[in-house]
Each structure stands twice: as C-alpha cells, then as structure tokens.
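Asks: The chain contents come next:
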Amino acid sequence: MKMIQCVSPKTGGTLEVLDMDVDTHQREIKGRLGVVPQENNLDPDFSAYRNLLIYARYFGIPRREAEQRAEELLAFMQLEEKRDVLIDKLSGGMKRRLIIARALINAPELLILDEPTIGLDPQARHLIWEKLRSLQAGGNTLVLTTHYLDEAERLCDRLVIMDHGKILVEGAPADLIREHAGSDVVEVERTPEAIARLTGLGVTYDVAGDALQVFTNRPHDVARELFEVCRHEAVTVRPATLEDVFLRLTGRRLRE
Amino acid sequence: MIDITGRVQSVWRRNWDAFLRTYRVNFIPPFVEPVLYLLALGFGLGTYIEAVDGIPYPVFIAPALVSISVMYSSFFECTYSSFVRMYYQKTFDAIIATPVSIDEVIAGEMLWGATRGMIYATLMLPVLLLFGVVTMPSSLLLIPFAYLAGLLFAGIGMCFTAITPSIDALNYPAFLFITPMFLFSGTFFPLDLLPQPIQYFALAALPLTHVVSINRAITLSAFSPANLFSLAWIAVATVFFLVLAIRLMKRRLIA
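Protein sequences appear in the order of chains A and B. Each step along the first sequence adds one to the number in the numbering used here, with nothing skipped, and position 240 is 240. Heads up: take any position in the second sequence, counting from 1, add 1000, and you land on the numbering used here.
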C-alpha cells in the first residue's frame, strides 16, 4: 500500500499508478490519490474544518476553492456540527469520517483506504459504508484493505485474498464464494454419529473446533440426513460467506 | 539529492497557524525572560560588577539574552516539538501522502524553527530598548540575524531528532550541549576569562559563542573583523547541519 502511495520506495518489479511510474512521478501520483490511513493522523492542533483547509494547502489548492470544498465535504460526511471542534473532542467514528473527507479534498481519481472501519461501533461502520457506496455510485475507484470480510463482501466489486504477501484468489465476492465454498454451509456438532453419517454419504467436511462444516450446493439433503442422527438444535444451515472462503483458503491457525 | 520546491511553505504555514492559535502563551517567554534576567542578573548581581571591559553589566548580557532565546526557541522547536509532530501526532505521515516531499516537510520544520527564533528576538527588542541596554538603529540587525542563527540551531536540533530513539533521549543534547553552551559561550562573562584551551574549544565547537559575539557587536554597534569570521563559521555550519538533518531524517522516515 505504501508503495502505491509513493511513500515507501518500491522493493522490486514495476509499479505504475494511474499509468505513471512510481519512481519518477511521485508528486503527480500523490496529487491525484486520496489516502485514508489506518492510523488516525489528523492534526490535533486544529479544528475539523481547518484540518481540511490545511490539508488542501499541501495539494496547492487555492484558498477559495479549498473553503468551498471543505464545507461540502463536512456536509457529505455529516460533520457540519463539528466544524469548529478540535480533533481530540471527536469520537472514533467522527475521526474516521473526517479522515475520509480529508482524503477527498483534492477530488482524487483513486481513493486508497486502509482498514477504514477498524474499531468502530456498528452505527459508525454503517454510516461509513453508506458514504463509500455513494462514492462508488458516483464513479470513484476505491482500493481498500480490510480484515472484516463482511465489509469486503459489501463494498467490493473485485477482491483479492492475500496471505503472507501472496495472492491466493481474486474475483467478485459472489463468484469466489460459489467457487470456493458453494452456496451454503451446513454446520453440525462434532459427534461420532455425525461423522459416521457424513462419511457414509461420501460427503467431505471441514473440522472447525467442536463443529463440522459441510460446504454444499444441496444443503437440504445434507441437513435431512444429519437430522436423523443428531439433535435437532445441533444442525444449522446458512448461506456461505466470504469468511468461509477466507478460512478455507488460509487455514484456521492463528496468524501472529 | 534534495528535493525542495515552493511547497515547503505549506509546511511552514501549518506551524505558523498552530503558533497563532495559541499566541497568548507563545508570546509570554520573549517578554518575561529578558525582564527576569535583566532584573536578577543585570541589575541584581550586576550591582557588584562595575563593568565588563568597560561595558555596564546589563548592557553586556543583553545581546546574550537574545542569543540564548533564539537558541532555545529554535532548538526546542526542532527537537521536542518536531518529535511530537513526527512520532506522536503522525503529522509528517499525513503530509507526505500529499504532493509535498519528505525533504520539504523537514525543511519547512527547520524554516519554522528559525522563524520562531526570529519572532522571539523581535519581541524582546522593545523590552531591551525600554531598559536602555541596546543601541539603535544597529540593534534592528538582531532580527534578521536571529533568523540565520535560528536556522543553525534548528538544523542541529533536527539532526538530534533524526537519530533519537525516544523523546526522553532528547534530554541528552538538551543538558549536555545546550545548557553548557548557555553558560560558557561568552554569555554572562567574557570568554577570555576561561583557560586558553577551553576558549579554543568554545570557538570551534560551541555555535552560541559566535552568535553571542555577533549579537554583542550589533547591540553595542561596535563591529570588528572577528565578526566576519563568526559569520562565516555560522554560515558554513548552518548549511552543513540543514543538509545533514534532511539526510538523516529521510533515512529515519523512509525505511
């Protein structure tokens, strides 16, 4: 991510952003990007509004234009009431929204977001998702990294799952789910009876802690068989999610 | 190679805006410091000292007070304050995501550090005039010279900021370099009272010595060829430390 943003020198290969080489066109590229970093780096010495104005100055945006754009962006991110409030007095969700507003100050062609909703409460996340979707609807290109797979599923047209710096798969979320997990997941308590029945049927399953997971396009048939040998509450059927794909591809071992 | 364009002023402006937002507290030291020092040392202790080389004691220390204030304000701006912006506030990270280069961020910080020194010298001047310890109009030169001296101390400070592992470690240069300089640079007693080797050491390695000697020539309106040597020493050291600071900082921040 830092190499795309032209902040760190590239370690190898070739890298072009917006058709420009990152080694030779850093300023041009940075001028046309918007960056939402994972860490809050708003300027604590200033109010929300002045944060935007001062950031606009780094892009060389004329004052009048910057003022107008700052007001528009505060309104877009629903921060008008906090216009003159210092950063320390903003909640986590407000800070994230202000960082997104700041990243939009130069009307970027490409918006890069690193974990945009990390550590936020559900209301704050939903508001940010809504704003990001409206940016997408307006024709903006967003590149985002996230560990929240529900977020990726909601926001991404195309996604790449990476593990230890290697690309495992890429594609649209729905396609990836269909391809790597099937339409549904049947989960059942891990009992000898359940294992015996699944083995008898020739159905493959994954072990996830004290549960078994069957990825299938015919969930009802599998569930019916299992109901015959298990307690009724021990069987659940749900649609497969990106999280299932991710865990199947990268394994369940903790990565630290 | 060093990559600096006019965008450096946007970094300087950020610090200027922050300074103005809290101007009341920022304006206290340059008014209060000279009053306290002149009363305690100049007119208190100074009553026991008839004159230093024929100069009344308060008049002797007046240019040193300006020099010290410039040193402190520029050095501390580019050590503790810059470190806070860099490490705790992540302000530098935010700026280098824009078309502003890292060189411009560091240069802007140092230009601001020098500006702060100049602002303090400017604000001290009327106080010193009121006490009648500086001559006019030559003392107006204190202001532009404060900018040059400020750049020097800003550059030195930024070099320490670039290599310090933590904010606490900045206490080492503050106590082992700045405090001795405050006392042994011809500030409160003439350099030639010191043993010869220490005099040479002060002239070679303590930048404040040269700053005090030029400021004293300015406030007394008594210039000598030795001032040219001091000016050249300061000019060379300033360029050296500014370039070194940018290099060290780049190494620290782009890893």
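Please note that a few of the clues may not be correct.
What the hints assert, rightly or not - Pairs of lysine to aspartate or glutamate residues, derived as EDC-like cross-links and limited to a Cα-Cα distance of at most 20 Å, are as follows: (1) A:95 <-> B:1103; (2) A:166 <-> A:193; (3) A:10 <-> A:23; (4) A:10 <-> A:28; (5) A:131 <-> A:45; (6) A:10 <-> B:1050; (7) A:10 <-> B:1017; (8) B:1090 <-> A:72; (9) A:2 <-> B:1168; (10) B:1250 <-> A:121; (11) B:1090 <-> A:157; (12) A:2 <-> B:1053.
Think of the hints as simulated: they come from the structure by calculation, not from any bench.
Asks: Does each hint fit the structure? Answer for all of them.
Replies: Structure-based check of all given hints:
A C-alpha spacing of about 28 Å is found between residue 95 of chain A and residue 1103 of chain B, which places the hinted pair above 20 Å, so the restraint is violated. With a C-alpha separation of about 39 Å, the suggested pairing of residue 166 of chain A with residue 193 of chain A is violated against the 20 Å cut-off. The hinted pair formed by residue 10 of chain A and residue 23 of chain A meets the criterion: a straight-line CA distance of about 8 Å does not exceed 20 Å. Under the criterion of a C-alpha separation no larger than 20 Å, the hint pairing residue 10 of chain A with residue 28 of chain A is consistent with the structure, at around 17 Å.
Taking the CA atoms of residue 131 of chain A and residue 45 of chain A, the gap is about 27 Å. The hint is violated against a cut of 20 Å. The hinted pair formed by residue 10 of chain A and residue 1050 of chain B fails the criterion: a straight-line CA distance of about 67 Å is larger than 20 Å. Taking the CA atoms of residue 10 of chain A and residue 1017 of chain B, the gap is about 35 Å. The hint is violated against a cut of 20 Å. The hinted pair formed by residue 1090 of chain B and residue 72 of chain A fails the criterion: a straight-line CA distance of about 26 Å is larger than 20 Å.
Taken as a hint, the residue 2 of chain A and residue 1168 of chain B pair is broken in the structure, with Cα atoms around 29 Å apart against an allowance of 20 Å. Restraint check: the Cα-Cα separation between residue 1250 of chain B and residue 121 of chain A comes to about 37 Å, which exceeds 20 Å; the hinted pair is violated. Under the criterion of a C-alpha separation no larger than 20 Å, the hint pairing residue 1090 of chain B with residue 157 of chain A is inconsistent with the structure, at around 32 Å. Note on residue 2 of chain A and residue 1053 of chain B: the hinted pairing is violated, with a Cα-Cα distance of about 61 Å set against a maximum of 20 Å.
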